[in-house]
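Residue numbers (my numbering), protein chains in the order written: chain A, 38 to 247; chain B, 2 to 560; chain C, 520 to 863.
To be clear, the hints were calculated from the coordinates, so they are not data collected in a lab.
Only a predicted model underlies this, so the values are computations on that prediction, with no experimental measurement involved.
Be aware that one or more of the hints could be misleading.
Cross-link-like lysine to aspartate or glutamate pairs, in silico, EDC-like; alpha carbons within 20 Å at most [said to hold, decoys possible]:
id : chain 1 : residue 1 : chain 2 : residue 2
1  : A       : K64       : B       : D112
2  : B       : K558      : C       : D832
3  : B       : K358      : C       : E603
4  : B       : K549      : C       : E603
5  : C       : K593      : B       : E536
6  : C       : K853      : C       : D832
7  : B       : K358      : C       : D601
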Amino acid sequence: MSATPTSPATPLLSPPEAMSQAMDSGKCGMLCLICSEITFFGTLLAVYLFYIGKDPAGTPTPSEVLEVSAAPMKVVFNSFFLLTSSIWITLAVRSLRKGAMGAFAFWWLLTILFGAEFLVGTGLEWYGMIADQGLTIRTNLFGSGFYTVVGFHAAHVTIGLFLLSLVFVLTLLGFMHKRHAEKIELLSWYWHFVDGIWIAVFTIVYIIGR
Amino acid sequence: MKTLQQPGHGNGSEYSRAPFLSRLHEWIATTDHKKLGVMYVSTGLIFFLIGGLEATMMRWQLAVPGNTVLSPEDFNRLFTMHGTTMVFLVGMPILLGVANYFVPLQIGARDLAFPRLNAFGFWLFLFGGLLLYFSYFGAQGLYGMGSAPDVGWFAYAPLTERTYSRGHSTDYWILGLLVSSFGSIATGINLITTILTMRCRGMTLMKMPLLVWLMLIDAILIMIAMPPLAAAQVMLLFDRLMGAHFFDPQGGGSAVLWQNLFWFFGHPEVYILILPAFAYVSEIIPVFCRKVIFGYPLMVAATVSIGFISLGVWVHHMFALGLSPMVNTIFMGSTFLIAIPTGIKMFNWVGTMFGGKIRFDTPMLFSTGFLAMFLIGGLTGIMLATVPFDWQVSDSYFVVGHFHYVLFGGLVFAIFAAIYYWFPKVTGKMLSESLGKCQFWLLFIGFNLTFGPMHVSGMLGMPRRIYTYHADRGWELWNMLSSIGVLIQIAGVLFFVWNVIRSLRSGKKAGADPWDAWTLEWSTTSPPPEYNFEEEPVVYSRRPLWDKKHPEDPDWKYE
Amino acid sequence: MAMVSSCLLSLSCVLPAMAAGVPVCADGASPSPTMFAPRSIPAQKILDVSWFVWGICGLIFLIMAALILWCIIKYRQKPGDDTEAPQIYGSNPIELAWTIIPTVIVFVLFLVSARTIFEIDHTSPPPNSLEITVVGHQWWWEFDYPDQGFVTANELHVPLTRNGQSVPIYLTLESNDVIHSFWVPQLAGKTDVVPNRLNHLWLQPTMTGTYVGQCAEYCGTQHANMLITVVVHEEDDFNDWVTNQQTDAVDDPSVTEGRSLFLQTSCINCHRVRGTPANGTFAPDLTHLMSRSVIGAGVVANTPENLNTWVFDPQMIKPGCRMPSMKLSPEEVKEVVSYLLTLK
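Bound conformation, chain A alone:
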């Protein structure tokens, strides 16, 4: 970059050079975290894809198990709850930016409840698979892959719910303020990421894998 020196001392800095921060560090850090998580889930999903169809005959297959105990409607129902929670959290963040604490608390709580429903639904689905279908992590490759992939996703949902609940408690206690909107938005990014991963998991496990 060449700039005409104004004096023997130093050149004039053009605006991009004069600015040191292109992006807020919180956002950058959260994006990096999401990137690393994507490679983690990417690996699990790649392994899942690799093992589709490789189970010997006689063991439970995805089409059998996911047809019955998950029954397309149930998992779609659960997914609806998780994915719409992304909408609620976006509305919550918007409310917080405006300083509408009541609205923020409402949308935030809705996010938590919808996320919790997803977990409950997943739990019930697993119960059905284990008790009725006899599919566990050790049954076959499908079992190993399914519980690992869906399990890690559910674990990330759980972590997210824990953090969201923490924020909700702080809101109830009156510690949350409009100026926290930037940080809360980062948390919402994490939540969106968790939902995004679910779309990938759902597509691969329930659609492609069957």
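Please arrange chains B and C on chain A, whose structure you already have, making use of the hints.
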């Protein structure tokens, strides 16, 4: 709550008067990148001594054929622990430690972007390492069969499955490394964010010191390549503890899959280890040749290419696995490709030396040693990329020779160069030049004596990871030479330890800029104050101190 | 003394062999598993391309080393000279040159090597091959000759010619447990032996002799003692060997005591001796044990003394191996060994 810090803290009399417990508490509770940097590097060096001890025992066992110094079980644990220690508990912490200390200083920042995450990363690394070593005591398991892991540092399945690896040794390998690598990933994210968002005014990406560029690409590689290892390790853990079948061939799982996942991490990992070596040498060579680095933009382009391509070469660790000729050929191609930017860097370093005025102080000695050793290691790497040749020497001592040339002759020599270069800044004292020169020559000779002959024994058919060998294979001479070299290296390391201890106590005072260097860290005191810079620096070129020292001929006229 | 002289012998064979590819100890004594004395077509092809890549790398090394030495000598800072050197920021033509030249070199290397890969890697047996199945176990090698109808262990015998023509040997590689690797440098590069996967390796010997190698993928405690011996025979010798292997075990009446002891102890759970009730597949086939020169996959020579120690307690010779001590008394061991010694 932070304790009150004084300017110039840590450099003199006021500090040493504080009670021991409060000084200890300061180190344990610190989030200051400089203290964490020192902690990372010191712990890494301690693990280096432990790993070296493991290697010494192995070379003692292998000095003569049919030796009985070690049982096969003990030997197998030693090479596993040696490899795992050197890669994860020496290489990673030292490079993250040096980056921790100097990236903020070189970009004119006050600390890393997330200081508490930084501390968290260090403690995760330390406890992960301790967990791994606890396996010697704790891994007995139900059958009384466990101890330290003995599956090799890359832990191929199905040897690591419950059937073939009894007790909990492999579980300790998994868990110790999972914990440690979380720390590395956290620090990687921290470094990326710091470099992208906290540079001082005027420092565009193309005005960053090369160390910062290399650590940026390094941190990106850490972020992308370490999670797949974590994923593979949890899958292995599920196999072992919950009966899953990911890598269990009898349950339909694939042993080849483990290798693909591991090396997808493993190959970028070796670039993660070597890029910092490139970084140190790129800082040191210009200063000691009194010349600007030759071809900065090409160096940046080469760095980015290396980072990128390194994600696409992993199958070259699997050429003997019986994959299709097309797959082997493609990955041979990508491996040859990565040789090009690596070679370019070598040429640019030599181009910097050419026409310079070279001062052979210890940092430059080690950097020159790096150039020579990395040249050899890089060329044996090109030989290994040639698939047919690899079919002979893969998994033989030739490979052991190759990677020690790049990781010891390359990385470790560069680390010593960095230590001699930056020790004055960190401690305010100079390391002794004469002890340093002794260390260098002993290490140089001992290192070559140990690892040079390995190329020969590899080509004469000696495989890796054997606890003994027969007398009639023709390998005795080379093994004996290798083992003798270890004694010389030990002497070199002892000189280093003595140098550090003596210089800490009574080394010559360093001053802010003992080497007449050009990057921002040399504009602070030695050691720097807690806050690094009183005012945010403004830079106009890649060498801000050159501009200050040569106002009539500043860099920004030529960049 | 004998060991020292055979050490020196192997050294004197190896060093010139390394330099000039001269045959190594063609009489079979102390063969060294060197890639520099290829005795098979794929090994020869590998050596040819290796010389090429060594030549190129050697040239690059000489040039770079010379440049570095030149800089070290010529551009040393003169004592008392405190001035800076002329600052050269770069040079587009030079940098372009040293980007393009390595690219060309690497491209040429790539083409030459790719051709060799496809020449060596046969995904199906060449016509008129002798097909043998290799099964890797912890820590020994099983060799199945499906066309000839027998199984042996640790020593692979192959013919140089069949009906006067050079015969390709096509190995199918399987694993019984973990990953191993079959490596006999004088005959071919290595190929891993992977559970749940079929790999293949092509050999085509060009000279009779005995060639050695060993497992080249860490497979557990006794990975170091999983040796391979390959004996390349003249056609007639090979046919004789096959005929012998095909016969059932010798039934020597003078060792009935030992034979019945063998059959009563749990030896038969793991080992097979064709022509007796012993039909185990977990351990080496012992039908023609005495036709082999080593036991324990090469850990010791096949002598009555070593056999005695082995049968008494294998853990004394190969600690960690899968065969337990059968807790036989010394007399019982002698009986069993005298039986084994008849299994020629």
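Hints and how they fare:
1. K64(A) / D112(B): holds, 18 Å
2. K558(B) / D832(C): Given pair K558(B), D832(C) is violated - Cα atoms ~81 Å apart, limit 20 Å.
3. K358(B) / E603(C): holds, 7 Å
4. K549(B) / E603(C): holds, 14 Å
5. K593(C) / E536(B): violated, 42 Å
6. K853(C) / D832(C): Distance of about 13 Å is within 20 Å: holds.
7. K358(B) / D601(C): holds, 9 Å
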